[in-house]
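2 protein chains.
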Amino acid sequence: MADGPLSGIVVVDLTRVLAGPYCTMVLADLGARVIKVETPKTGDDSRHIGPFIEGKSAYFMSLNRGKESIALNLKDDADRRIFEDLLARADVLVENYRPGVMEKLGYGWEALHERFPRLIYAAASGFGHTGPYKTRPAYDMVVQAMGGIMSITGQPGGPPTRVGSSIGDITAGMFAAIGVNAALYRRTASGEGMKIDVAMLDCQIAILENAIARYAATGVAPGPLGARHPSITPFAAFRAQDGYIVIAAGNNGLFERLCEVLGRPDLVQDPDFATNDLRCQNVDRLAREMEFTLGGGTVAAWMEKLEAAGVPCGPINNVEQALHDPHVRARNMVVKVDDPVTGTLEIAGNPIKLSAYADPPSRGPVPDLDGGRQAILDWLAGG
Amino acid sequence: MADGPLSGIVVVDLTRVLAGPYCTMVLADLGARVIKVETPKTGDDSRHIGPFIEGKSAYFMSLNRGKESIALNLKDDADRRIFEDLLARADVLVENYRPGVMEKLGYGWEALHERFPRLIYAAASGFGHTGPYKTRPAYDMVVQAMGGIMSITGQPGGPPTRVGSSIGDITAGMFAAIGVNAALYRRTASGEGMKIDVAMLDCQIAILENAIARYAATGVAPGPLGARHPSITPFAAFRAQDGYIVIAAGNNGLFERLCEVLGRPDLVQDPDFATNDLRCQNVDRLAREMEFTLGGGTVAAWMEKLEAAGVPCGPINNVEQALHDPHVRARNMVVKVDDPVTGTLEIAGNPIKLSAYADPPSRGPVPDLDGGRQAILDWLAGG
Chain R
16 MADGPLSGIV VVDLTRVLAG PYCTMVLADL GARVIKVETP KTGDDSRHIG
66 PFIEGKSAYF MSLNRGKESI ALNLKDDADR RIFEDLLARA DVLVENYRPG
116 VMEKLGYGWE ALHERFPRLI YAAASGFGHT GPYKTRPAYD MVVQAMGGIM
166 SITGQPGGPP TRVGSSIGDI TAGMFAAIGV NAALYRRTAS GEGMKIDVAM
216 LDCQIAILEN AIARYAATGV APGPLGARHP SITPFAAFRA QDGYIVIAAG
266 NNGLFERLCE VLGRPDLVQD PDFATNDLRC QNVDRLAREM EFTLGGGTVA
316 AWMEKLEAAG VPCGPINNVE QALHDPHVRA RNMVVKVDDP VTGTLEIAGN
366 PIKLSAYADP PSRGPVPDLD GGRQAILDWL AGG
Chain A
16 MADGPLSGIV VVDLTRVLAG PYCTMVLADL GARVIKVETP KTGDDSRHIG
66 PFIEGKSAYF MSLNRGKESI ALNLKDDADR RIFEDLLARA DVLVENYRPG
116 VMEKLGYGWE ALHERFPRLI YAAASGFGHT GPYKTRPAYD MVVQAMGGIM
166 SITGQPGGPP TRVGSSIGDI TAGMFAAIGV NAALYRRTAS GEGMKIDVAM
216 LDCQIAILEN AIARYAATGV APGPLGARHP SITPFAAFRA QDGYIVIAAG
266 NNGLFERLCE VLGRPDLVQD PDFATNDLRC QNVDRLAREM EFTLGGGTVA
316 AWMEKLEAAG VPCGPINNVE QALHDPHVRA RNMVVKVDDP VTGTLEIAGN
366 PIKLSAYADP PSRGPVPDLD GGRQAILDWL AGG
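Protein chains in written order, with this note's numbering: chain R, 16 to 398; chain A, 16 to 398.
Hints were generated in silico from the structure; no laboratory data involved.
All values reported here derive from a predicted model rather than from experimental measurement.
Honestly, I wouldn't trust all of these hints.
Any copy will do: because identical chains look the same in the list, a pair fits if it lies in one copy or spans two.
Claimed, not checked - Restricting the straight-line Cα-Cα distance to at most 30 Å, the calculated cross-link-like pairs of lysine-lysine (BS3-like) are:
1) K56 <-> K320
2) K149 <-> K90
3) K119 <-> K351
4) K149 <-> K320
5) K351 <-> K56
6) K351 <-> K90
7) K71 <-> K119
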């Protein structure tokens with residue numbers, strides 16, 4: 016277990032696939048002990064979802080390192096007793112079943128709260144535990160589609176474009192983690208747990224950001240903008256000689272510095288580009304003017320000059336380049352998991368850097384299905 | 016102020032634009048009192064970023080409702096005394112300056128921690144407070160580009176595509192909020208605050224999800240996939256008669272049900288589609304077969320049949336449709352802010368639904384620059 020602000024906290028983890036496991040991974044990285052309760056024989060669905068390394072799911076590994084596993088059949092009396100012993104010792108229960116499943120098992124919030132008043136119960140689901148769609152099944156892409164983010168992602172006039180990672184699941188896991196931590200804080204005063212109900216679709220609305228403000232201001236639903244900021248210009252990907260470079264000149268001062276670097280004082284003096292509002296109105300002409308000049312140099316050459324001038328810019332890295340970036344490495348954002356089957360696997364680190372705790376360069380092992388059974392039973396028996 | 020798990024917590028908020036204000040908005044929605052300390056005369060940059068309604072930034076409004084504002088010049092002795100009085104009363108300080116700015120003001124973490132040992136200090140910045148790029152300026156699009164998510168978002172072979180909302184800022188705000196809550200919990204035992212250092216670039220690595228596992232398994236950096244899941248098939252946007260529909264049949268059982276709805280038992284029996292792995296290998300042919308049938312009906316008609324069969328699916332809503340969806344409304348994910356200048360503005364609600372607290376349908380007013388000065392000074396004087 017990691018040392019961290021949640022050291023001493025025990026999380027019973029009924030989650031599968033992504034949203035829930037992402038939440039409990041964040042809690043584990045903050046020092047909580049996470050006991051993953053899995054279905055006997057098959058376990059977490061994501062154990063069977065690729066990519067595989069030596070037959071083992073790297074997807075499962077990346078989300079479940081440092082957790083413990085016990086296989087329990089929650090319809091079997093003996094296993095239910097073990098599960099309830101776990102709950103009696105736990106601070107937090109996290110699940111991402113469809114609404115109603117926990118009630119059918121006899122573990123709905125009301126029943127749990129009566130029996131385990133200090134237990135915090137976090138549920139992450141596609142549509143949440145209330146509302147007309149609550150029983151509908153959902154996956155990331157469904158909530159990305161319904162929640163509006165796909166309508167503002169992609170090229171103007173182009174085909175539907177999903178955010179390339181499962182932001183529907185991940186944001187639900189993150190908001191659930193915020194809720195769990197807030198509930199832990201509150202419990203120190205109130206002595207009582209609470210239920211946290213997070214819906215993936217809700218989280219998509221919560222991250223629409225200024226697309227909502229744009230709709231409110233104009234009455235028109237915004238569309239996709241490729242790689243351009245909706246209301247700041249120039250703030251986009253621009254074509255240089257050998258690839259694209261992102262330049263984000265978010266205010267007049269930065270725009271002036273950018274034009275100096277480009278050797279284009281005419282752009283600063285051009286009345287069409289005098290303010291951010293005017294630059295937004297004339298965004299296409301400004302991009303053409305900039306690319307006319309940027310085309311004369313490489314991404315690396317422009318990066319060096321723009322950085323020296325303090326103009327925010329960056330290359331468009333692929334995943335390999337991002338993971339090997341010296342800054343990303345220096346920040347310990349690529350950590351290792353040692354595994355007897357796959358060998359060392361590199362995965363994402365913890366972005367919450369805390370002064371009070373070390374940020375270890377490796378994470379605990381990936382649990383085999385039911386691999387923690389004996390240790391967990393011994394712990395339960397021990398007191 | 017909202018009633019919530021952070022009721023009684025005072026946050027001094029030096030943040031500007033998006034990442035930091037998003038963090039303190041989440042804290043405010045959890046019940047914290049957020050006192051926004053702004054630069055005299057100009058205030059938060061986002062007050063001057065569109066879209067505007069009646070001259071007022073709807074962007075600023077959506078992120079800062081329910082906060083209080085006081086304008087302080089942190090280089091002026093009298094204002095510094097007020098600021099330090101605030102810190103003496105505060106639980107949390109959040110800022111998103113570039114690293115080094117707080118030190119220059121004499122408010123670096125070491126100095127703050129010595130003087131205010133219980134104060135929790137959260138910094139959200141582009142690249143964090145350590146590492147070779149720490150002093151570089153950053154904006155959302157820069158970290159989206161450098162962190163790899165742009166390389167996996169968009170159409171195969173197409174131009175660079177940014178995630179349509181500022182996920183670089185928003186995830187940094189969310190991880191900072193997780194850190195603040197965890198630190199509040201820990202402080203109840205330790206009596207001490209800690210520093211939370213969150214970098215936008217780090218957060219982009221943290222949300223790459225299975226793109227990292229795919230790279231680890233294959234050694235090849237994954238590219239963009241349009242609107243298709245990388246390792247589950249069929250799980251994409253498909254063209255129907257009058258538009259696109261997302262269908263996410265994540266396992267064999269769902270695939271069989273989907274084929275039943277389509278009236279295409281031949282697809283289930285096709286050896287090319289017998290397992291998820293095989294379906295991934297033959298993804299293009301399966302999409303063609305499905306669209307051949309889907310083209311014969313409307314999105315709404317297919318939605319009805321697929322829902323009845325329990326196959327996860329959804330329309331691709333634009334922002335207007337998403338905000339008016341009856342489920343989104345039932346979940347109180349669109350809340351109101353009343354403003355004397357703009358009238359009522361609809362903004363995103365809080366996705367963290369807590370059993371112990373009501374989820375009010377409106378939020379507190381948007382502060383005018385320095386609008387809370389007298390009340391804040393009176394509060395400081397009062398004890």
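Hints and how they fare:
no. : hint          : result
1   : K56 <-> K320  : neither (58 Å within a copy, 33 Å between copies)
2   : K149 <-> K90  : within (24 Å within a copy, 53 Å between copies)
3   : K119 <-> K351 : neither (39 Å within a copy, 36 Å between copies)
4   : K149 <-> K320 : between (53 Å within a copy, 18 Å between copies)
5   : K351 <-> K56  : within (28 Å within a copy, 49 Å between copies)
6   : K351 <-> K90  : neither (37 Å within a copy, 45 Å between copies)
7   : K71 <-> K119  : neither (32 Å within a copy, 50 Å between copies)
The structure fails hints 1, 3, 6, 7 (numbered hints given earlier, in ascending order).
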